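**Q** Top line first, the protein sequences correspond to chains V and Y.
Using my numbering, you'd call the opening residue of the first sequence number 100 and step up by one each time.
Using my numbering, you'd call the opening residue of the second sequence number -15 and step up by one each time.
Source of the hints: derived by calculation from the structure; they are not laboratory data.
Restricting the straight-line Cα-Cα distance to at most 30 Å, the calculated cross-link-like pairs of lysine-lysine (DSS-like) are: (1) V:Lys253 <-> Y:Lys116; (2) V:Lys278 <-> Y:Lys116; (3) V:Lys255 <-> Y:Lys114; (4) V:Lys255 <-> Y:Lys55; (5) Y:Lys60 <-> Y:Lys167; (6) V:Lys278 <-> Y:Lys114; (7) V:Lys255 <-> Y:Lys60; (8) V:Lys278 <-> Y:Lys97; (9) Y:Lys60 <-> V:Lys278; (10) Y:Lys114 <-> Y:Lys168; (11) V:Lys253 <-> Y:Lys69; (12) Y:Lys60 <-> Y:Lys163; (13) V:Lys362 <-> Y:Lys105; (14) Y:Lys168 <-> Y:Lys60.
Short, incomplete list of chain Y residues facing chain V, as computed with Cβ under 10 Å: (15) Phe38; (16) Pro57; (17) Pro58; (18) Tyr59; (19) Thr65; (20) Gln68; (21) Tyr70; (22) Ala71; (23) Leu72; (24) Met76; (25) Lys89; (26) Ala133; (27) Asn136; (28) Leu142; (29) Asp144.
Partial selection, computed: residues in chain Y whose CB lies under 7 Å from chain V: (30) Asn64; (31) Phe67; (32) Lys69; (33) Phe73; (34) Phe75; (35) Phe84; (36) Gly85; (37) Ile88.
Keep in mind it's a predicted model, so treat the numbers as computed, not measured.
Cβ coordinates follow ideal geometry from the N, Cα and C atoms, glycine included.
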Amino acid sequence: MKKFQKSKLFYGLYIGVIFAFFYLPIVVTMFFSFNSSKSLTHFSGFSLRWYGNLIKDTEIMQAVYVSISIAILATIISTIIGTLTAIGLSKCRKLVREMLLNVNNIPMMNPDIVTAIGFLILFSSLRIPKGYYTMLMAHITFCIPYVITSVYPKVKTLDPNLADAAMDLGASPFMALYKVILPMLREGIFAGALLAFTMSFDDFVISYFVTGNGVSNISIIVYNMTKRTNPTINALSTIVILVIFVTMFIVKVIPYLIGKRRKEQLAYEENN
Amino acid sequence: MKNKLIELKNITKSFDQQEVLHNIQLYIRPNEFLTLLGPSGCGKTTILRIIGGFEEADSGEVIFDGKDIAKLPPYKREVNTVFQKYALFPFMNVFDNVAFGLNIKKVSKAETKKRVLEMLKLVGLEGFEKRKIDQLSGGQQQRVAIARALVNEPKVLLLDEPLSALDAKLRKEMQMELKKIQKKVGITFIFVTHDQEEALSMSDTVVVMNHGNIQQIGTPIDIYNEPKNRFVAEFIGESNIIPAIMKKDMLVAFDGVDFECVDSGFAPNEEVEVVLRPEDLVLTPPQFGKITATVTDITFKGVHYEIILKGEHRDYKAQTTEYHEIGTELGISVIPSNIHVMHKMKEV
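Same shape as in the complex, but just chain V:
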């Protein structure tokens, strides 16, 4: 009995240390974003000064706009391309499919720096002026493998007759895709889109190499600002963390609640 309690204590401690390890830096960052002084080690009083600075700083606001707009566009475009590719893959010959799926893994395994230099050389050799659109293209490209990886397993579970059934009932191939296949893949598509969004939003290495003409996203601007102490970054980080937290809440907790409610409803219907 005593031994059991000891091990329980150990588990608690272990989990506590892990959580502290993960979240303490974040909490410190958030905490000092409300500091009234410029120090990052000494808290001298609560203030929203750095949040005010943040809003007034056009450079930062421009970076926020770039990050968000690129993340949204890259998510939409890579989700469309990736989903259609995943559906197409399932109709390919086995050899082609295996090859493409393996090739698809390479960009995800590859160190970002290698991908980044690859893009840099590509854009330079094609003499494409670097800036917003090169960054967008790079983001779309590195997001696609993540979408394919989340959608393809869903495609594999589909009854191969589903599209045939829709067409049999008068749907054109496009309508079959739109009305039957896509709704059946929505969970995979949603997961892929979410992954793509996070990948794009917090990318630094690739963005840093493919941008130019003063176009910066949040990570680049944060990187440039860390060279001097500036709690405005803390304020920015806090907002980003909150946004991510809320998103995760919507994505993870709400489907869970809906699922639970549906189960209860089913049980209720069965009892009646």
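Could you slot chain Y onto chain V? The hints should help.
**A** Showing chain Y alone in chain V's frame:
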């Protein structure tokens, strides 16, 4: 005067250099229940998919109502299909599944509702409109699939082994039900199965297939009583198939004995094969039979016993309602009309 609704002319089809259909000739009359019967891989499903428009034949014509539709995509054909695993849309409820085709054709809301409810009533699923697909049993899903196809009022309904996922009892029920539905809606059903009993009990016409070739086309009774070759005889029910010599018209010899029969039109002394259905062997005391044999095995099958008898030339399978002790010597005779003579099948 044979009315042809669908006609397949010289259809061939290969997948990866493997020929799955070889020069298929087949026509289907309006309002008939036609079954494509054969072992798996015989090409029966491919024929169905060619009629449905999901596969294109390598060569040949598909005539539907007098027009060649070989190049027409599935969504422009007046046929609907019940798929093997139903292929229902699991994220829609029963009503939306059945209404799918009408919605695509932009039929009005009120009309759609009326027709869907009517169809659900026909297949015995009144009150199930709001159910989710995963809340239905296999038999109910089957009915939804049938309703979803029939609500579009097709001229032909294609059914791809629709009963194979059901258990034996439900299968029997659905066989009767399908036949009833077919009579009620009065359209052509083309049914694919590998189950010979299913084919015999439901069809107006049975098409027996093997290795991409049509072996025989006929009514269930023709197919059972007068199989054209060894394959058909073996595939449709149990039988004793015995090599024989056709001595002359109406006289065939096998296992050292001459038998009178009712077949004619063979060359004198042609080598043939004789089909004897187990239920047609008459078992008598040894002195009254044409062939004598000893009981080596007897199995109770419910309505009858199945007996294996060992004769001088071979084992015979017979059915009888009387019990015979193992080791008993019996005589076997067959009345002439129950002897069916076939041409010897060329080895494939």
